[in-house]
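Trainee: Protein chains in written order, with my numbering: chain X, 1 to 364; chain L, 1 to 294; chain E, 1 to 298.
It is possible that some hints are incorrect.
As the list claims (entries may be wrong) - Cβ-Cβ distance ranges computed for the label pairs, FRET-style: (1) E:Trp92 to L:Phe101: 57 to 65 Å; (2) X:Met311 to E:Val217: 24 to 32 Å; (3) E:Trp92 to X:Arg112: 24 to 32 Å; (4) L:Arg65 to E:Ala88: 31 to 39 Å; (5) L:Leu3 to E:Phe281: 33 to 41 Å.
Unchecked claim - Stretch by stretch, here's where chain L covers chain E in the computed footprint (C-beta under 8 Å, at least three residues): (6) 52-58; (7) 67-81; (8) 89-101; (9) 153-162; (10) 184-191; (11) 214-220; (12) 279-289.
Note that these hints are calculated values from the structure, not bench results. Virtual Cβ for every residue (Gly too), placed ideally from N, Cα, C.
The residues making up each chain are set out below.
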Amino acid sequence: MNAIEVRGAEVSYGAHRVLSALDLDVGQGEFLVLLGASGCGKSTLLNAIAGLIDLSDGEIWIDGRNVTWEEPVDRKIGMVFQSYALYPRMSVEQNMSFGLRMARVERAEIDRRVARAAEILRLGELLKRRPAELSGGQRQRVAIGRALVRDVSVFLFDEPLSNLDAKLRTELRVEIKKLHQDLGNTMIYVTHDQVEAMTLADRIAVMRDGRIEQLASPEEIYSRPVNRFVAGFVGSPGMNFLPARLERTGDGLTAKGEGVRAALPATALGPAPRDGQPVKIGVRPEHFVLGAAAAGMALAATLEVDVIENMGADRYAWGHIGACPVAARVPLGLALAAGETVAVGVPGELVALFDADSGVRLTS
Amino acid sequence: MPLLIRLRRILPALIALSPTAVFVFGIFLGCLIWTCVISFTSSKLLPNTDFVGFAQYARLLTTERWIVSVQHMAVYGVAYVVGCLVIGLLLAIFIDQKVRFENTFRAIFLFPYALSFIVTGAVWQWLFNPSMGLNTALAGLGVAGLDLGLLASPDTAVYGLVIASIWQGAGLVMVILLAGLRGVDPEIWKATRVDGVSPAKTYLWIVVPELAPGILTSVVILGIAAVKVYDLVVAMTQGGPGLGSEVPAKFVMSLLFERANVGLATAGATLMLLAVLCLLAPLLYLSYFRRGAR
Amino acid sequence: MSGAPSIIVPRGRRPQRLSMARVGIYLFLLISAAFFLLPLYVMVVTSLKDMGEIRLGNIFALPQHLTAAPWVTAWGSACQGLNCDGMAGAFWNSVKITVPSVALSVLLGAINGYALSFWRFRGAEFLFVVLLVGAFIPLQVFIYPLVRITSAVGLFGTLPGVILLHVCFSLPLMTLLFRNFYGAIPLELFKAARVDGARFWSIFLYVMLPVSVPMIVVALLIQITGTWNDFILGLVFAGNDNRPVTVLLNNVVNSQFGEKQYNVNMAATILSALVPLVLYFVSGRWFVRGITAGALKG
Chain X
1 MNAIEVRGAE VSYGAHRVLS ALDLDVGQGE FLVLLGASGC GKSTLLNAIA
51 GLIDLSDGEI WIDGRNVTWE EPVDRKIGMV FQSYALYPRM SVEQNMSFGL
101 RMARVERAEI DRRVARAAEI LRLGELLKRR PAELSGGQRQ RVAIGRALVR
151 DVSVFLFDEP LSNLDAKLRT ELRVEIKKLH QDLGNTMIYV THDQVEAMTL
201 ADRIAVMRDG RIEQLASPEE IYSRPVNRFV AGFVGSPGMN FLPARLERTG
251 DGLTAKGEGV RAALPATALG PAPRDGQPVK IGVRPEHFVL GAAAAGMALA
301 ATLEVDVIEN MGADRYAWGH IGACPVAARV PLGLALAAGE TVAVGVPGEL
351 VALFDADSGV RLTS
Chain L
1 MPLLIRLRRI LPALIALSPT AVFVFGIFLG CLIWTCVISF TSSKLLPNTD
51 FVGFAQYARL LTTERWIVSV QHMAVYGVAY VVGCLVIGLL LAIFIDQKVR
101 FENTFRAIFL FPYALSFIVT GAVWQWLFNP SMGLNTALAG LGVAGLDLGL
151 LASPDTAVYG LVIASIWQGA GLVMVILLAG LRGVDPEIWK ATRVDGVSPA
201 KTYLWIVVPE LAPGILTSVV ILGIAAVKVY DLVVAMTQGG PGLGSEVPAK
251 FVMSLLFERA NVGLATAGAT LMLLAVLCLL APLLYLSYFR RGAR
Chain E
1 MSGAPSIIVP RGRRPQRLSM ARVGIYLFLL ISAAFFLLPL YVMVVTSLKD
51 MGEIRLGNIF ALPQHLTAAP WVTAWGSACQ GLNCDGMAGA FWNSVKITVP
101 SVALSVLLGA INGYALSFWR FRGAEFLFVV LLVGAFIPLQ VFIYPLVRIT
151 SAVGLFGTLP GVILLHVCFS LPLMTLLFRN FYGAIPLELF KAARVDGARF
201 WSIFLYVMLP VSVPMIVVAL LIQITGTWND FILGLVFAGN DNRPVTVLLN
251 NVVNSQFGEK QYNVNMAATI LSALVPLVLY FVSGRWFVRG ITAGALKG
């Protein structure tokens, strides 16, 4: 039995469709990340699962129960918000016990559960404090604690880290990951930050325009994106796309573009390609091999360097192949300066081809 | 099924809003329509259903007292709005110069706004007293040729009202515009200094246009107050001397309660309503426009 | 030659040293302050003089023989027409009108604002727009029908009647203020409470009301001042037994009988302005916040 099943979910406001015919299964104990740009419908989906937004059509099942029309509180879900939404006039203890008090749970039971949650979340000494007196990390723990005391089966996170500075974000990310390992609850986590998605998720659902473009493990999303959109969304700097045309050459295929040429075995492509079919060659910046080492690789091109960017651990060369702007990681020890031209290559298994029109990946 | 669930969810909200809804749709719209309807009948002491079209309006618009009232209201309104704006803007700009005792100054400029029109009228009636008020005091100080017994003459009584209400209302404009001034990007001051623009020109060409929303709000609020002006006139001049400071709001009240001419009174009230709606229109349009743009 | 200085001298908006401009600024502010304070000063000194001194015609002069008699008269036996009961009764009438009206209208305004901000449903927007426009409509438009309605149900000229009307006509502004206030509160707080199982009234009571304290203070200030200062509703609907201070003050000041007691009039004026004035000077910035909140939204 899946923890959550979303069946044909639609949410629309007038003519504007925020979610369209969306299906999603989330397994028990799974950490699923909904990843996408703002306005892609990821928060709407999360709110719909929580029962805070009504579906126009479709169903939502939690733990094998149809909860489509149930109130949020009856769905056994807990939610952690971007602003944490702690009740400002209540102490930490009152914040955590509010849900139980609303459900008229006995005082002794409330105390027991709050104490347990406080212990798990290391909030013991802070129970009497007001939210304003807490640090960002402590606030997040209280927000999680609010869900924890209610013994929910699913935790929903709505961009909980996006208001924080980079350092704290990393810290709290690790904390959430650890919590998931300790508690083992099902968690759904919404973010627009690919690093959060890659580090936290068991599976990532990349969303666009109210649909899920790809639902897969982080590794697969990174190495085998189903289309140009997913490929471009994950990775930093983003994947380079070079325009080219396919040609049959003997027993193989060649994608030829301005200043670039990639030779691939015929078996590399799933569906039989048309001759002259326009494609985009997708290469991640970190997959380029530069200089002499590039000789003899499946993809060969000449990169004219405009700018060298030093990022500490890495250096990136920003330039162009033909007229197409390209970023490439520069290996340590390679001397390269702006204005120079360098030969670049990519091994065949790291070259991806996408249909120029539909954006679908052609390489298997 | 979903409809029922949704209804059950918002039912408490509907119940909570029901007193207000009753007020809005019952009393509010109801009375408004009632008044409009009566204004098209020949009602005198008691309302009747003898519809006479625009006859009451035609009569009202040829009634000397109404014409005078509207003229007074117009003069009063323009002078009041302009006066409050100019003084309010100056006060706001001067108070925004990082002065000491800013809070004290602000409190002094605003306190009359906390007073009722009746109190304002009572005080200024006394100050404008021709034989014992400002007049004599100024003469005693050696200032001659300045007649401040404004309320004694039908030609100047309206200006007495204007001065009293500017005293009462300028602080409001100051507060509104001060909020606007504080919202102006402080970098503008650095930029204009770098560009060599004088502070006076910066205010005139850059800051005041930035204050446009605040100014518009002030104009609408003050303009509506001018249409509604009643208490102040009653307390200060009772519309006199003669009809020297009669205003529509007071005329309508006297038609209702002294002359028992309900038809004419409701016609006057309806015209006042129209005036207010005209003043409100730009503000409503703007806020709707802004919402549309979002 | 433009004579541009080689050293940039700080000039412009906010110089720290005392210059001619600074003197000018303070001079302007002081003269303005004098204009605004003058009537208050005249009110106070006039109320402390006897009529003989007043007839001398120098309203600015400090009283030579301080007397509290005008205050005693104003409170206990000032006359409106031939009726000399003083302001005391009217003062307590105003209290009796103001306290329940303010309590009810602030509470209803808070509930309305909350319901309209968080529990969206069809028709809410329309209700709100009508309410908004209503805040500005002249009372004259409603008075005749209201007289008829209140007479029909026996509320005309009664304390409950005038209180009810005060509440009704305060609803637009109060609802507007609270809706804007709740509109600025993160929706997530509301969502969190729903996830925790709180319903309409418990969210209002336990989550929203505690965070509304500043808004409630502001609303109370606006409402007390507004209700206390009302004239028309008190004049038309309060009846002879419940006349508020504004109505009585007007009658006293404009009484046509006998010689005008200007010192008593001024004492009565201060007495009827006392509540708003004290509130204003005690509450300080809160009042300003209220005025800007009330004026800027629309």
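Trainee: Hints first: check each against the structure and report whether it holds.
Mentor: Structure-based check of all given hints:
Between tryptophan 92 (chain E) and phenylalanine 101 (chain L), the C-beta spacing of about 37 Å breaks the proposed range 57 to 65 Å. Distance hint check: the CB atoms of methionine 311 (chain X) and valine 217 (chain E) are about 52 Å apart, inconsistent with the given range 24 to 32 Å. Checking the proposed 24 to 32 Å range against tryptophan 92 (chain E) and arginine 112 (chain X) shows it is violated: the Cβ atoms sit about 55 Å from each other. As the Cβ distance of arginine 65 (chain L) to alanine 88 (chain E) is approximately 38 Å, the hint placing it in 31 to 39 Å holds.
For leucine 3 (chain L) and phenylalanine 281 (chain E), the hinted distance range of 33 to 41 Å is not satisfied, since their beta carbons lie about 55 Å from each other. With 4 residues carrying a beta carbon less than 8 Å from a beta carbon of chain L, the stretch 52-58 of chain E meets the three-residue requirement, and the given coverage holds. With 0 residues bearing a CB less than 8 Å from a CB of chain L, the stretch 67-81 of chain E misses the requirement of three and the coverage assertion fails. As drawn, the stretch 89-101 of chain E meets chain L at 0 residues by the rule of a beta-carbon pair under 8 Å; below three, the given contact is violated.
Counting residues of the stretch 153-162 of chain E whose CB lies closer than 8 Å to any CB of chain L gives 0, so the stated coverage by that chain is violated, three being the minimum. Counting residues of the stretch 184-191 of chain E whose C-beta sits closer than 8 Å to any C-beta of chain L gives 0, which falls short of three, so the coverage hint is violated. A stretch counts as covered by a chain when three or more of its residues have a beta carbon under 8 Å from one of that chain; for the stretch 214-220 of chain E and chain L the count is 0, and the coverage is violated. Check result for the stretch 279-289 of chain E against chain L: holds, 7 residues qualifying (beta carbon to beta carbon below 8 Å, three or more required).
Checked against the numbered hints given earlier, the structure breaks hints 1, 2, 3, 5, 7, 8, 9, 10 and 11 and satisfies all the rest.
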